[in-house]
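Sequential numbering of the sequence shown, starting at 9, is according to the numbering used here.
Because the hints were derived from the structure by calculation, they are not lab data. Any given hint could turn out to be false.
[Said to hold, decoys possible] Taking lysine-lysine pairs in the DSS-like style, the calculated list, with each CA pair at most 25 Å apart, reads:
| no. | residue 1 | residue 2 |
| --- | --- | --- |
| 1 | Lys236 | Lys105 |
| 2 | Lys843 | Lys885 |
| 3 | Lys843 | Lys856 |
| 4 | Lys441 | Lys309 |
| 5 | Lys309 | Lys223 |
| 6 | Lys21 | Lys41 |
| 7 | Lys108 | Lys59 |
| 8 | Lys59 | Lys47 |
| 9 | Lys223 | Lys236 |
| 10 | Lys236 | Lys41 |
| 11 | Lys856 | Lys769 |
| 12 | Lys885 | Lys842 |
| 13 | Lys856 | Lys842 |
| 14 | Lys441 | Lys500 |
| 15 | Lys108 | Lys236 |
| 16 | Lys21 | Lys105 |
| 17 | Lys21 | Lys137 |
| 18 | Lys842 | Lys707 |
| 19 | Lys59 | Lys137 |
| 20 | Lys47 | Lys21 |
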Amino acid sequence: MEVHFATLASARKDRSLAVFAFEHGLDSDELSKLPGFLKAALGTGGYQLSKHWLVWIVYATEQGYDYDGDEYWHTFERRMPMWDRGWRPSLRAWFGKFHKTYCGLLPMGRWANFFSIIAWPITHALLPKDLQGQLARALYGLRYQLVSRLDQSPLEVGRYVARMTRGGSSRFDNFLEQEELVGRIVLGLLDQRTAEADGAILPQALARIVRDLEKARNARQWLHDTRKAVEVARMRGAARPAHADASVVRRADATPQLRRPTIRPALSLRRTGADEWTPVVELPSFHAVADLSPELGEFLKRTRCSVAGSPGVRPPGWLLNGSQMRVLDTWPPADAPVLSFATANAAMDHLLSSEGRISSGPYWLFRTGSDGRAVEVLGRLVRPGQSYVLVARADLPSLSTASPTRILCKGAAAIRIEIPAALTVAHAEELKKAGLSVAQTIRVWPVGLAARGWDGEGATEWLETECPCFAIQHDHPVAEYELRLGAGPALKVAAQAIGIPTFVRLQPMPAGNHVLSISVAKDAAADAAGTPVEGVISLAVRPPAPWVSGSIGHSGLIATSEPAEPTLDEFWEGLAQVSVLGPAGRQVTVCVELLDGSGGRIAVEQVGQLTLPLGQGAWRTAFETFERREKEPWGYLGASSGRILVDGEELGTVLIPLHRDVSPVRWIWRATNKTTLLRLIDDHDGDAPVRVSFHSFAKPLEEEHLDAEAIGTGVEPLAPGGLFVARFGDHRVSLVVGMRKVDGFGGLLVEPHFARVPRSKELALAIVHAIFSWSDARVAGALATERRARVVARLKEHFFEVMCGPNWANAERGLRMGLPVEAAVEALLQCFEKKRVFALVLARDAGKFARLADHVRQREFASLAHRYSVAPGVASKPALDLLAVLDGESRPAEAELIAIIDHLWDHQALTAGARIIQLLGRADVGHQGTTGGST
């Protein structure tokens with residue numbers, strides 16, 4: 009093999025072509041003897057692995073060729089039982105030696121960087137078996153586009169295939185990152201004669217891939233049809249170099265123009281009541297944006313986004329799963345894009361700034377339909393006899409034809425407008441003053457083969473291969489029409505008689521957005537002094553979607569869910585219903601796929617093999633069986649999203665997305681009968697590392713730093729638990745975990761303790777932050793809520809000890825521990841010394857103060873403090889503001905919080921007076937000792 013690889017390397021050296029370990033040249037008999045040879049060598053005493061390093065590389069590569077996406081090392085070590093896992097780094101070193109000695113290919117991409125060992129054998133396997141069918145299908149879908157790229161470099165071909173291919177597995181996406189490798193394989197598969205002359209891949213290796221690929225019926229047919237398309241194109245001379253990228257359209261002046269994809273959001277209204285509307289925004293698929301460049305495609309796959317006016321964050325890749333619709337809780341601004349992404353991207357921001365906004369206000373007009381849906385009329389053009397809804401952010405116009413209606417959206421109001429069939433001059437003037445224009449009776453509509461899309465108001469959609477046809481009809485004297493496509497020359501067409509349409513046919517146009525303007529010259533006998541009527545028709549032209557051989561043009565299955573956009577939690581809790589229609593008696597396989605934050609697959613759970621048609625009753629029975637099966641819980645708990653897969657084989661596959669609004673860094677837990685297991689999920693893409701800390705119930709102010717990686721694999725917290733905090737950048741995610749293992753009843757509620765340190769403003773501020781952390785945290789496990797309540801109560805006591813002194817703390821502790829109320833209150837009053845009368849009035853009227861409205865309480869407290877000269881000339885409001893902060897009713901900025909503590913530090917009587925209202929103003933003052941405190 010050394011001579012063989014050396015010969016390959018020498019032949020390819022001048023052209024800088026890489027050598028693959030898969031090109032070993034061994035036949036099937038020699039390959040079958042390879043494992044036995046290595047097992048015998050391992051059984052020999054004193055055997056040195058490096059003696060046969062090249063053989064080990066070939067063996068590892070063969071395992072990579074058979075790799076099916078499961079655990080590589082598990083399969084490797086099962087087939088080679090005497091292999092020690094400690095030898096794995098040696099394999100990487102040998103591949104590095106192969107790279108240096110024989111110019112072996114160096115794995116590239118994020119996947120190769122992350123899996124630095126197995127990336128070598130899998131990459132050197134050229135095209136593993138589990139990816140062959142996916143590549144054949146991708147090439148079939150791109151067969152006509154690839155024809156014009158066969159003379160490009162392998163890197164350019166591979167890059168094009170990578171950016172235009174979607175819908176494959178995460179393994180296939182990783183394979184596509186090796187763009188030059190993909191290009192060489194594609195060129196070799198499509199033209200074997202050229203590949204043999206090129207010498208970039210050993211013919212025997214390529215022939216072996218083709219043989220394995222042809223064992224699958226669909227893959228064999230896809231490859232055959234793709235090769236046939238290439239051969240026919242070569243015979244006709246169509247396979248020539250592509251001098252322009254697919255996303256570039258040339259104008260008549262030969263200046264290249266970047267084709268701007270159609271990504272403008274569309275607004276509509278849904279009738280949800282007799283006179284009630286819910287606004288919806290529809291976002292088109294961003295496939296065309298991803299096609300503009302590999303960087304934009306990767307950005308869309310990896311980045312979360314949010315929709316203005318709609319709560320929650322959408323998962324990565326959401327915009328690539330077809331058009332999406334979101335209900336609007338708040339009316340989006342017209343001066344900013346509807347979409348925003350978690351991370352900035354200059355190219356995407358530029359596209360969104362010009363194409364990603366709703367239409368400008370101040371009014372938005374919607375034409376109602378019989379189906380209960382109202383679509384936006386971008387030109388604010390009304391027609392006689394039609395019904396409309398007018399939406400505005402501020403004041404609505406006063407119209408005689410309008411009636412009030414309700415829109416379920418903050419920041420917007422609406423009226424219903426009924427346009428009479430016969431408009432008077434007064435009506436027309438009224439509508440014009442409101443910013444609406446009345447349509448003249450010049451009608452333009454698509455005819456012939458139906459347009460792919462037509463909104464009835466001037467927006468159409470066509471294919472590159474179609475000739476758009478339109479009819480133009482008028483009901484008043486018109487001499488001629490003047491048509492102009494974009495900035496091209498005008499064409500005048502004589503108009504037919506009134507009521508008779510004039511037909512116009514255009515030539516096929518390149519993909520992109522085009523505008524057909526139509527102006528009307530009135531008859532000389534008519535109102536010649538009037539302004540000529542002019543309108544536009546927009547034409548969105550796109551390439552045809554490829555038809556896959558062996559399948560129908562659409563899925564033979566219709567799958568729906570209730571609710572229409574179920575969340576992952578709704579599915580897992582059995583709250584989502586799935587119905588599937590298809591040929592009666594056919595079997596479909598229903599699975600749920602769990603995805604991480606980057607869209608990678610975590611796990612797949614099969615719900616069952618079910619018989620069509622699948623109704624809600626059959627689904628409920630199948631789901632109950634699925635629910636009883638033992639499943640891996642961490643996959644569901646750690647998933648950022650998921651999807652239901654309904655696989656009907658040749659009938660097609662239907663995907664139902666399962667969304668989940670989650671933080672990129674989050675805690676998940678699994679409660680069992682005996683314990684609680686905890687795990688940290690880290691999906692954030694920032695450079696700031698995640699820092700993890702722990703605060704016990706017994707010492708809530710003391711911080712213990714933990715290893716984030718260890719927590720990420722799952723741990724069982726030590727009893728009795730405590731507060732776990734994960735910080736990344738300016739964000740914080742907290743969880744209070746309670747553990748069951750305690751010693752007797754005394755260990756059910758843990759008593760916190762605080763170290764004796766000098767009083768300071770810094771300590772007071774630290775205690776307030778600790779109260780925030782414990783109060784904001786979610787809870788999990790046994791007694792977590794009760795233990796947290798006790799910790800927060802003791803932290804508040806400790807805060808007032810720092811602010812008011814140890815004597816106050818002892819008095820407050822006596823009140824909590826069950827001393828007679830009179831004695832406990834007397835101990836509190838003694839802390840006021842010369843300000844005792846102020847405290848006495850507060851203690852007497854504490855219940856009244858507690859029941860007052862906030863602004864009244866502030867006024868009465870300030871009046872009392874002024875009357876008894878508690879803090880002359882000093883504002884008393886911060887003392888009551890502090891109580892609201894500690895109780896979680898307000899959360900001031902850091903600077904404001906520091907200012908409150910500074911203000912009260914030298915005025916203990918104000919702080920203690922506010923605390924008396926809090927302590928004595930409750931009806932349950934005599935029962936604090938039994939509850940553990942709730943202040």
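Hints, one by one, checked against the model:
For the given pair, lysine 236 sits about 41 Å from lysine 105 by alpha-carbon distance, which is inconsistent with the 25 Å threshold. A distance of roughly 18 Å separates the Cα atoms of lysine 843 and lysine 885; the hinted pair therefore holds under the 25 Å criterion. The straight-line distance between the Cα atoms of lysine 843 and lysine 856 is roughly 20 Å, inside the 25 Å bound, and the hint therefore holds. In summary, the hint linking lysine 441 to lysine 309 is not supported, as the alpha carbons are separated by about 47 Å, beyond the 25 Å threshold.
The hinted pair formed by lysine 309 and lysine 223 fails the criterion: a straight-line CA distance of about 32 Å is larger than 25 Å. Restraint check: the Cα-Cα separation between lysine 21 and lysine 41 comes to about 31 Å, which exceeds 25 Å; the hinted pair is violated. Proximity of lysine 108 to lysine 59 is assessed by CA-CA distance (about 18 Å); at most 25 Å being required, the pair is judged to hold. Annotation: proposed proximity of lysine 59 to lysine 47 holds, straight-line Cα distance about 14 Å (limit 25 Å).
A threshold of 25 Å between alpha carbons decides the hint, and for lysine 223 with lysine 236 the separation of about 19 Å falls inside it, so the pair holds. As the CA atoms of lysine 236 and lysine 41 are separated by approximately 38 Å, the hinted pair breaks the 25 Å bound. This hinted pair does not check out: lysine 856 and lysine 769 have alpha carbons roughly 31 Å apart, beyond 25 Å. Distance hint between lysine 885 and lysine 842 is fulfilled; the C-alpha atoms sit about 21 Å from each other, no more than 25 Å.
Restraint check for lysine 856 and lysine 842: the C-alpha separation of about 24 Å stays at or below 25 Å, so the hint holds. Restraint check for lysine 441 and lysine 500: the C-alpha separation of about 34 Å exceeds 25 Å, so the hint is violated. Between lysine 108 and lysine 236, the direct Cα distance comes to roughly 39 Å. Violation of the 25 Å bound is thereby established for this hinted pair. A C-alpha spacing of about 17 Å is found between lysine 21 and lysine 105, which places the hinted pair at or below 25 Å, so the restraint holds.
Between lysine 21 and lysine 137 the alpha-carbon distance is near 29 Å, which puts this suggested pair outside the 25 Å criterion. The suggested pairing of lysine 842 with lysine 707 is violated, with an alpha-carbon distance near 36 Å, which exceeds 25 Å. Between lysine 59 and lysine 137 the CA atoms are separated by roughly 30 Å; this puts the pair beyond 25 Å, and the hint is violated. Note on lysine 47 and lysine 21: the hinted pairing is violated, with a Cα-Cα distance of about 35 Å set against a maximum of 25 Å.
When held up to the earlier numbered hints, the structure conflicts with 1, 4, 5, 6, 10, 11, 14, 15, 17, 18, 19 and 20 and fits the remainder.
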